[in-house]
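To convert, count from 1 in the sequence shown and add 3; that's our numbering.
These aren't lab readings, by the way, just hints derived from the structure by calculation.
Errors might be hidden in some of the hints.
To be verified - Computed list of lysine to aspartate or glutamate pairs in EDC-like fashion (alpha-carbon distance at most 16 Å, straight line):
1) 274 x 252
2) 760 x 641
3) 145 x 166
4) 812 x 926
5) 539 x 319
6) 501 x 538
7) 456 x 410
8) 92 x 112
9) 5 x 112
10) 783 x 954
11) 1010 x 926
12) 963 x 829
13) 214 x 127
14) 129 x 175
15) 990 x 492
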Amino acid sequence: MKQWENYQVDGINRMAPRAHFNSYPTRERALIGENRYTQAFKNLNGVWKFMFLPAPEYSPENFFASDFDTTTMDEITVPGNWQRQGYGKMHYSDLWYNFPIDPPYVPTENPTGIYKRTFEVGAEFKDQTIILRFCGVDSAYKVWVNGQMVGYSKGARNEAEFDITDLVYLHEVNDLTVQVYQWSDGTYLEDQDMWWLSGIYRDVELLGVPKNGIQDFQVTANLVHDYQDGDLQITATLRKEAGQTVQVELLDEKQNVLYTATNQPQGTQVKFETQIPHVKPWSAELPHLYTVLMTVKHAEQVIEVIPQTVGFRSIEVVGDTFLVNGVAIKLKGVNRHDYNPRNGRVVSEAEIEKDIILMKQFNINAIRTSHYPDAYYFYDLCDRYGMYVIDETDLECHGFELTEKYDWISDDPQWETSFVNRLIRMIARDRNHPSIIFWSLGNESSFGCNFRKMAEVAKEMDPTRLVHYEGDFDAEVVDVYSTMYTWLEHPTRKLLMKDVIKNAKKPHILCEYGHAMGNGPGNLKEYQDLFYAHDKLQGGFIWEWFDHGIESYTEDRRKYYRYGGDFGDDPTNGDFCIDGLLMPDRTPSPGLYEYKKVIEPVTTEKVNLQEGRIKLINRYDFTNLQIFDLVYEVMADDQLLTSGRISLPSIPARQTQEIQLLDELPLAGEPGATYYLNLSYRLRRNTSFAPAGFELATAQFVLPIQSSRILVSPRGTLQVSEGATTLKISGNNFTVTLDTVCGQLIDYQKDGQKLLKRGPQFTFWRAPTSNDMEIVTEMKQRQFLHLEHEVVRDFSWQASEQEAVVRVKTMHGTTNSAWHFDCQYEYRILVTGDILFKLNGTPDGKLDMTPDMLPRLGVDLRLNPDLAQVRYFGRGPRENYVDSREAGLLGVYTTDVDSLFTNYVVPQANGNHLDTKWASLTDERGQGMLFSNPSGINFSASYYEQRDLDEAKHTIDLKKRDYVVLNLDYQQNALGSFSCGQWQLEKYRTKVTDFELSFRMTGFNQKEVRDTVLAREELVDEFD
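With the sequences and hints as input, model every part of the structure.
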C-alpha cells in the first residue's frame, strides 16, 4: 500500500500534539512575548527550491540528499499554494471529489511538490531540543533533514512537529526537504467547500526548547461562586524528570501578581489549583485577560519561562439553553475561511487582525472556523479582541453524499484513527484559548461510530466546553442542536424554525444561514427577531465572511475576479464561492451593512415622538449602554433643524429603559418637507477595535410634523402637432415627442437640451441575482420572463391650451405565454413642462398559468448620459430591498450614477432604493430631470440594461451604454437567500396582480429651482 493511501497511519515520528506556546529564557522576555525573544527560534518561510511532478513515483533518485543538485529546480515562495504560483490546476467545487470515490485510494496522477532549502542553526540552539514545526501543509507530506528521513504527516489544516535534535548540525548548513502530495487518503476527509489548493501554505518554524522544560500544559479558568470568583487549574507535563521546580504566577492586566506558587513535579507532571476572588470575567463583549507565567527552575537557575493569556469564563448547559458566565448569550456570527484573493489560503496575522477588527465594527461577536482549525495566531486575536469561536475539526466528507452511502467512512470503525486524531490535534493545540466555546467535530460528513467516538474523546480531553456537529441530526452526542439554512416558511419542508422552537430539547444555533451570495441575503431581520424572542434560539452564523474570487487582470491591466469554471475546472460549482459579506477587494457588501444593523446592540422604539420619548432595548449580554453617546438630528429633508448629544444613562445588559430625548418637536417650517429624527449610538471612549465616536447602532423615525405643500397653477399655452408616426407637444422652452406606433415617449427636450431618449417602458424583468440561481431555469426556460413583448392596442390623445393627455393601451406578455398584463399608459403633459405619468396594469389571459413570483413591476427609461449627477430622497446610501432594508435610512443623498452601482463579482440586478419620494439626475451645469412621487417608489439608475447584467459573467464584460438606464418601480421582488437557504418570504414577493405606478417627471435647472423645492410642489389641477 502506498504510504499516502494508508488510512491507518496519519503520522510517522510526529511528536504528540500539544499546545502552541513559546519558551523564553527570562521573565522579562516572556512578558514581551515576541518570537525573536524566545529561547531559540528561526522562521523558515521564504524562497525555497521547488520541483513539480505528476506523481510521487517520478521523484528523482535521492532528491532528499543534502548534495542533490538544485540548480535546475524552480523557486517557490513558502508559505504559498503552488496553484497560485503557476503549478498544477486551479479547481473549485463545493461538493465533489475530483476523482473516483474508492477510499482510501487516490489517483495515480497525484501532483507532487518537492521543496528544498538550507538553514543554519546558531549557538542559541545548543543543548536544546530542536523542533521542526509545520503549521499547515496540504494534503500529506514526508520530511527529510540532511538526507535522513524525519517523518510523515497528514491532516492539511493541523500542525505537525518533529524532533530533529539528532539530525541537525550546529554552526553548519543543514538541508531540509519536504515532499508534498496533493492527494492522500486524508483527502477523503478534506472535501470542504473551497478551492482545491496544495502545498506548504502556513508557516514553517524551527524552535529550540530546554530538554528538561515543559512539553505541554493545560490551563482551565472557570468561574465559580455565582460567576464572581475564578477557579484556576493548571496541569503541565515536563519533557523529562530532572529535579526541576515549577513556579506559577497569575498577573492581571497591569502585571500585578495575584497568585504565585511553586510545586515539585510528580514524575513529569505538575499541577496547580487555586481560586481568585472577584475576577473580571472574559466574554466577547468584555475580553478581560490575565497572564499565567510558568517558570521552570533547576537548582534555582531559570530554565524557561512560558506565558499564557487566560480568560476566566464559564460554559454550561442549563435546560434548553447554553450559558456563558450565566447568560444565555446570542451568537451574532459568521463562518470564516482562510482566504486571500492573490495568495489563496495563505493569510497573514495582519490580515486576520483586519478581519476581526472589521467584524467587531460590524457588531459580529462569533466566528465558526469553517471547516478546519485556523492558524494559531487567529485564536490569540480572538482572545484579545473578543470573539466567541466554534473551533472546527479539519473534517468534511461531503462528496459521499451523492453515493447513497453518505456514512461510507464515517460509520466505518476502521477509519476511527483518521477521524479522532484530527480532533485530538485540534483540541491539544487550542484548548488554552478562552475564546473557544465549542469544539466542532467537522462538517457535512453524515454520522456514525467515528463521530460518537470523537464526541467521547472531546469530553474526556476538555469537559469545560460544548460539543457541536450539525450532522448529528438527532443531537445524540452533541450539546447543542445545530441546523443549517432552516427555513422560516415553506409549504412542505420537513423542518422549519417553528418546529425547532416547538420541539428542540437542547439549545439551538444556525451554524449556517443567510447565504451571502451576490445581492443579499434577505430575511435577516426575521431570523434575528426569532433569536431575540426565544431563549433556546441562540443565534447563528452567516455563510460566509469573504468572497473567494481569484484576483485577475486583463491584457490592459483591468482588475477582475475569477471563480469556479474560469480555469477549465470541471466539475465546478461556478460562482458558488462568491458568497461573502466581504468582497474580494475587502469592500464591505451592502449585505454586511444590513447584518450590522440587524444585530446592532441597541434597539430603539418610539414611545411618544410628540413628547420626545423613546425606549432603548440593550441587546448586549454583558455590557451597559453607558459606553455610548447618543447623537440626534432633526431633519427637514436635507436641512438640519436641530441636533445634540447626550450620554446614555445606566442601562444594564438585556434591560430596557425609556429616555427623554427632546423637550418638544420643532414647528413645521419648510412647506412640503418630510421631517425625521436620526439617532446614532457612538462609542464614548476608544476601544481596541474602534475610536471614540465610532457608530455601532442607528435608528430613525419620521416625525409627526405636518406641513402644507407648495401649490403651483400651470399657466401658458401648448402647441400640438401630429405627424405620420409621431405626436409632438411643445410649451415654454420644452418639447415632448411620442411615437404613435410604439406608443412610447421618445424625446424630452428642455431649453434646447435633449434630456430623455426613451420614456417609461413597462417591465417585470430584472437580471437574476445570485440568490435566484435555483429559479433561473424556471424563469427563463419555462416562463420566458426575460423575453417580453408589448403590443399596442390603442393610442389616443386630447389637448387643450394648457394640457395634453395621451393614453396608450397595450398587451404585455412573454414568449409563448397565455397570460399577460393589460396596460394603460397615461401622460398628462402640462404647459409647465411637467409630465404626470401613470401606468395601470391588470393581469389577463389564462391566469392559472401565471408565475408564482415576478422579479419586479415597474418601468425603465433612458436618459441623456450626461445626467450623471444624482440626488434623491429615499432609503440609502446603499442599495436596499423589501427584505433587506433595515440599514437603509431615509434621507437626501448626493451621489452619481457610477456610485449607485454595486460592482458584484458576478454582475446582477443591484442598486435599488426603497421609499424614494424623488430623484433628480442632472449634468454638471445643473440641467436635468426630476422624478417624484410623494408616496415613494423604488428607484435605481446605471449605465447598463438588465440584459447587460444578465449576460455578463464578470465585471470586465460590462460595457457602458450611451445613456443612463433609470428604473422606477411599483415593486421590486425580495432577495431571499435561495442560493442556499430560505426563498423569498410570501409577504415580500412580487405577485402577478393589479398595480398602479405614477410619478411626475419634469425638466429643470438647479440654478432656477432646487430639486428639494421642486419635489414639494403640488400642481393644482384645473383641467378635469
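Cross-check of the supplied hints:
no.: 1; hint: 274 x 252; result: holds (13 Å)
no.: 2; hint: 760 x 641; result: violated (30 Å)
no.: 3; hint: 145 x 166; result: holds (14 Å)
no.: 4; hint: 812 x 926; result: violated (34 Å)
no.: 5; hint: 539 x 319; result: holds (13 Å)
no.: 6; hint: 501 x 538; result: holds (14 Å)
no.: 7; hint: 456 x 410; result: holds (15 Å)
no.: 8; hint: 92 x 112; result: holds (13 Å)
no.: 9; hint: 5 x 112; result: holds (13 Å)
no.: 10; hint: 783 x 954; result: holds (13 Å)
no.: 11; hint: 1010 x 926; result: holds (12 Å)
no.: 12; hint: 963 x 829; result: violated (31 Å)
no.: 13; hint: 214 x 127; result: holds (13 Å)
no.: 14; hint: 129 x 175; result: holds (13 Å)
no.: 15; hint: 990 x 492; result: holds (11 Å)
Going through the hint list in order, the structure does not satisfy hints 2, 4, 12.
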